[in-house]
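Visitor: Sequence:
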Amino acid sequence: MKKMSAADSCSPDPMQANSVETNAVRYAGDETYRVMADAMPQIVWSAEPTGSRDYFNQRWNEHTRMNAAQTKGWGWVTALHKEDAARCLKAWKEAAQGQQTFEMEYRLICAEDGSYRWFIERAAPLFDPEGNVIKWFGSCTDVHDLKVAQAQIDELNVRLKRAMTETHHRVKNNLQIISAMVDIQLMNDQDMIPAEEFRRLGAHVQTLAAVHDLLTKELKDREPDQRISIRDVLQKLVPVHQQTAPACRIQPNIQDVRLPGRQGTSLALVINELISNAIKHGRGNVEVIVTEKDEITSVVVSDDGPGFIAGFDVKTAANTGLELVDNLVRWDLGGHVDFENQPSGGAHVSITIPNRHFTRT
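Under my numbering, read the sequence shown as residues 70 to 430, first letter to last.
Take the hints with a grain of salt, since some may be wrong.
In silico lysine-lysine, DSSO-like type, Cα no more than 27 Å apart, as pairs [unchecked claim]:
#1 K305 with K362
#2 K162 with K141
#3 K159 with K141
#4 K349 with K305
#5 K349 with K384
#6 K151 with K162
#7 K216 with K162
#8 K151 with K141
Derived CB-CB ranges, DEER-like [stated by the list, open to error]:
#9 N396 with Q219: 43 to 51 Å
#10 K151 with R425: 37 to 45 Å
#11 T170 with D107: 18 to 26 Å
#12 S367 with I222: 38 to 46 Å
#13 N136 with V227: 42 to 50 Å
#14 T147 with Q111: 17 to 25 Å
No lab work stands behind these hints, which were simulated from the structure alone. Glycine included, every Cβ here is placed at the ideal spot set by N, Cα and C.
Could you build all of it, start to finish, from the sequences and the hints given here?
Guide: This is the structure:
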């Protein structure tokens, strides 16, 4: 860096000064300089060649309420946040010893309310013609609002990245579920796949689309790890089933149970499959109940059809939909499912899920 001499910066006629040292003292102590320093919106200070500070302007006194005696030498460090004081002092002493310009951010106490605000401090040395430091001049600028705004932007960027990652994984998982459903049909080695199975697959795709819409909204409006509402999901799914089966009467009784995204998707698929089966095998009345009590989520779907055959076993029954229900309940939800008949007739499927299995994804 180009070294600035005291004569160049303090007097238009260097020959009028008795010595460089005298000129430096005059510069630092001149009343005009002090008036100018006090008029500045920033904190302004000066220091001896060793780094020991010998002057702070009025802004420092107003902000910290420390007088000249308290700040002289190295006392000013006590106004810094305890987490910043040691590193700042060490860096400043190294800069002074190395005769290098100095810049550092730290938190400075605001005596008015006891809070700390972020400041950026910059300092540069003043050299004599022989290259020796004869004075340091520095300033402290309040950058607290800028730091807070930057922190908020950084937080939003983190949340956006998490949201994008979360959405990517969930879309990928949904596509894998659809692929698995297609594979199940292909494993039956049928040349012709019944239209009913295509309708079932279409219903699952609509379910995933409805869940994805809700997840996207949650990620937009809330933190990415917020849970989704099963009631909100079913409010989108039930009208779809009602339109495809207008003669059927679907009676939903759904509490506002909230689950993490993965489990919410799984439970939505389970309920969707059970509604589809109830419509297919029932006589027109389907009841859907979802409740939460004592850390247990319960789901019941029943219809007024002939019910399950004696000795019904989901693992051997030719019904891939109910096999999907059983797998999702056991592996994704950590719960248990019972396939029973009502005393008055009709299928009665009940699911119990301990909420401790609802880990956030």
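Visitor: Are the hints correct? Go through all of them and say.
Guide: Outcome of the hint check:
1. K305 with K362: holds, 24 Å
2. K162 with K141: holds, 15 Å
3. K159 with K141: It holds: about 17 Å lies between the C-alpha atoms, which stays within 27 Å.
4. K349 with K305: Status holds; Cα separation ~20 Å.
5. K349 with K384: holds, 20 Å
6. K151 with K162: holds, 17 Å
7. K216 with K162: Judged against 27 Å, a Cα distance of about 25 Å means the pair holds.
8. K151 with K141: Status holds; Cα separation ~19 Å.
9. N396 with Q219: 43 to 51 Å: holds, 47 Å
10. K151 with R425: 37 to 45 Å: Taking Cβ atoms as reference, K151 and R425 lie about 41 Å apart, which means the hint holds.
11. T170 with D107: 18 to 26 Å: At roughly 24 Å between Cβ atoms, D107 and T170 fall inside 18 to 26 Å, so the hint holds.
12. S367 with I222: 38 to 46 Å: holds, 44 Å
13. N136 with V227: 42 to 50 Å: holds, 43 Å
14. T147 with Q111: 17 to 25 Å: Roughly 21 Å apart at Cβ, these two residues keep to the hinted range, so it holds.
The earlier numbered hints are all upheld by this structure, with none contradicted.
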